[in-house]
Amino acid sequence: MSFPFYVNPEQMSQDKAEFARKGIARGKSIVALEYDQGVVMVAENPTRLHKTGEVYDRISFAGVGKFSEFDRLRKMGVQWADVEGYRYSRDDVRGKALANVYSQVLGEEFSRSMKPFEVEIVVAEVGDPELLGHEGNSLFKIGFDGTVQDQMGFCVIGGSEGNLQSHIESNFRKELPLADALRLGRDALQRAENGSPDLPPSSLEVCVLDRSLLGRKFKRLTQDEITSLLG
Amino acid sequence: MRFWDGYKGSSFMELLDLDFPQLKPELGAWFASTGELPPTAHGTTCIALRWAEGALVAGDRLATMGYQVASRDIEKVYATDAYSLMAIAGAAGPAIEMARLLGIQFEHHEKIEGEPLELEGKANTLASLIKQNLPAAMQGLAVVPLFAGYDRRRRTGRVWKYEITGGRYEEQEFDSVGSGSIFAKESLKKSFSTSATREQAIQMALLALTDAADEDRGTGGVDLQRAIYPRLKLVSAAGIEDVADDEVGQVYQEILANRRRPGA
Numbered sequence: 001m002s003f004p005f006y007v008n009p010e011q012m013s014q015d016k017a018e019f020a021r022k023g024i025a026r027g028k029s030i031v032a033l034e035y036d037q038g039v040v041m042v043a044e045n046p047t048r049l050h051k052t053g054e055v056y057d058r059i060s061f062a063g064v065g066k067f068s069e070f071d072r073l074r075k076m077g078v079q080w081a082d083v084e085g086y087r088y089s090r091d092d093v094r095g096k097a098l099a100n101v102y103s104q105v106l107g108e109e110f111s112r113s114m115k116p117f118e119v120e121i122v123v124a125e126v127g128d129p130e131l132l133g134h135e136g137n138s139l140f141k142i143g144f145d146g147t148v149q150d151q152m153g154f155c156v157i158g159g160s161e162g163n164l165q166s167h168i169e170s171n172f173r174k175e176l177p178l179a180d181a182l183r184l185g186r187d188a189l190q191r192a193e194n195g196s197p198d199l200p201p202s203s204l205e206v207c208v209l210d211r212s213l214l215g216r217k218f219k220r221l222t223q224d225e226i227t228s229l230l231g
Numbered sequence: 001m002r003f004w005d006g007y008k009g010s011s012f013m014e015l016l017d018l019d020f021p022q023l024k025p026e027l028g029a030w031f032a033s034t035g036e037l038p039p040t041a042h043g044t045t046c047i048a049l050r051w052a053e054g055a056l057v058a059g060d061r062l063a064t065m066g067y068q069v070a071s072r073d074i075e076k077v078y079a080t081d082a083y084s085l086m087a088i089a090g091a092a093g094p095a096i097e098m099a100r101l102l103g104i105q106f107e108h109h110e111k112i113e114g115e116p117l118e119l120e121g122k123a124n125t126l127a128s129l130i131k132q133n134l135p136a137a138m139q140g141l142a143v144v145p146l147f148a149g150y151d152r153r154r155r156t157g158r159v160w161k162y163e164i165t166g167g168r169y170e171e172q173e174f175d176s177v178g179s180g181s182i183f184a185k186e187s188l189k190k191s192f193s194t195s196a197t198r199e200q201a202i203q204m205a206l207l208a209l210t211d212a213a214d215e216d217r218g219t220g221g222v223d224l225q226r227a228i229y230p231r232l233k234l235v236s237a238a239g240i241e242d243v244a245d246d247e248v249g250q251v252y253q254e255i256l257a258n259r260r261r262p263g264a
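Protein sequence lines correspond, in order, to chains Z and V.
Mapping of the first sequence onto this note's numbering: position 183 corresponds to residue 183, and the numbering continues sequentially without gaps.
Mapping of the second sequence onto this note's numbering: position 72 corresponds to residue 72, and the numbering continues sequentially without gaps.
Some hints could be false.
[As the list claims (entries may be wrong)] Calculated pairs, SDA-like style, for lysine to any residue (alpha carbon to alpha carbon, straight line, at most 25 angstroms):
1. Z:Lys-219 with Z:Asp-36
2. Z:Lys-66 with V:Ser-10
3. Z:Lys-16 with Z:Ser-103
4. V:Lys-8 with Z:His-50
5. Z:Lys-219 with V:Leu-117
6. Z:Lys-219 with V:Gly-114
7. Z:Lys-219 with V:Glu-115
8. Z:Lys-96 with V:Ile-112
9. V:Lys-8 with Z:Glu-69
10. Z:Lys-96 with V:Phe-3
11. Z:Lys-219 with V:Ala-79
12. V:Lys-24 with Z:Arg-94
13. Z:Lys-66 with V:Asp-5
14. Z:Lys-219 with V:Gly-121
15. Z:Lys-16 with Z:Lys-28
16. Z:Lys-66 with V:Gly-114
17. Z:Lys-219 with V:Ala-237
18. Z:Lys-219 with V:Gly-239
19. Z:Lys-66 with V:Tyr-7
20. V:Lys-8 with Z:Asn-100
21. V:Lys-8 with Z:Gln-104
Calculated directly from the structure, the hints in this document are not laboratory data.
Throw the hints in and build the complete structure from the sequences for me.
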């Protein structure tokens with residue numbers, strides 16, 4: 001009769017975390033920032049495979065790391081949101097609840113499976129001063145092990161997070177116009193260790209949650225819109 | 001977690017079927033077991049037509065329950081996404097549910113795949129929903145919708161009608177469903193022109209609905225006392241436009257003026 005080898009759980013968690021961090025660090029970063037009309041997400045992505053996406057009326061998603069993994073998470077979020085909205089009402093689909101779902105899934109996978117997810121994701125939700133109790137925007141950052149952070153103002157995921165974080169921290173202020181927020185996002189991405197120092201509009205993927213839009217607030221900006229905003 | 005190891009395709013209906021069967025409306029099974037139909041609300045006359053720049057869908061606002069009024073201001077014309085419209089006649093409950101499901105289905109597909117369905121694909125999706133409703137239709141809860149939209153690939157408006165088996169037929173000019181549809185079609189036959197402008201399309205549609213309300217007791221016309229007007233929606237390359245009640249009211253006054261008896 002054979003016994004499985006004893007593995008120290010602390011050691012195993014550390015190994016898994018290190019593995020996940022390495023995978024995430026290989027990818028490009030994404031920045032999400034609040035601006036005067038909502039939330040903007042800026043990613044360095046010259047390809048047509050999207051890293052950001054619409055989840056529901058007021059909720060968007062961004063992921064870094066392994067494409068197959070974060071894209072599956074994005075689709076899972078869309079499924080969750082559409083079922084919740086069908087079961088209850090469109091107003092009952094909330095970003096915080098989605099962040100919790102992601103946290104559960106990632107947390108469970110981290111402790112149960114041999115290979116953890118090599119992803120970091122952001123769930124953004126645009127608020128509205130007219131909506132009692134939902135006035136403010138939310139940015140939730142969910143890590144590969146299921147940790148959730150409720151971030152204020154802006155949020156960075158992926159690669160060389162530290163550089164970007166400090167750049168935005170010293171230049172961010174509330175109620176930025178979209179053009180300024182987008183420029184700040186791009187400038188931050190240009191500081192990434194694995195990024196390029198001069199990002200043309202064609203290598204940017206930008207989407208917004210704009211509270212002035214009717215119905216669904218998510219919008220992907222076109223090349224022309226990005227170019228004219230960057231000026 | 002169910003979502004994680006569950007269905008991986010792009011259809012919201014299949015997602016419900018496979019992972020959330022308790023949320024699927026199963027009217028057919030219920031009626032098969034009870035064998036009798038309680039009184040339910042039915043929607044009456046709807047029309048859809050093509051005009052120069054797209055399509056128009058319109059419906060009156062009355063729902064009846066046998067010989068009684070179930071609702072005076074029901075909505076029968078629904079925008080199912082940014083370029084498609086659906087109008088419902090028949091059993092109001094399942095029809096409204098169908099319009100809601102259809103809207104979610106289109107949006108779900110667009111979000112999962114990153115691209116919206118083509119108009120033809122949308123029309124087929126509705127056909128499969130109607131087919132699924134066949135058991136309930138056989139019990140008297142038929143849903144007979146009209147579907148219209150702007151086909152961005154072909155740059156034209158398109159109109160479809162359906163039958164309870166899920167049969168789907170594209171119409172080149174116009175069609176109407178519901179209790180007053182014979183009269184609406186007769187009216188449209190005389191006024192119709194594919195090259196109609198926006199204003200002419202609105203006139204044709206309102207004239208047809210007025211004629212239907214004139215001849216069919218189940219169809220509601222314009223209710224001036226309560227200011228309830230038929231619902232008209234246009235779809236074109238620019239998206240969907242709701243025709244404002246004021247404009248509908250104005251066109252209606254012109255129709256009335258032409259029909260006033262001398263001395264009245």
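Numbered hints the structure breaks, given as an ascending list: Checked against the structure, no hint fails, so every one of them is satisfied.
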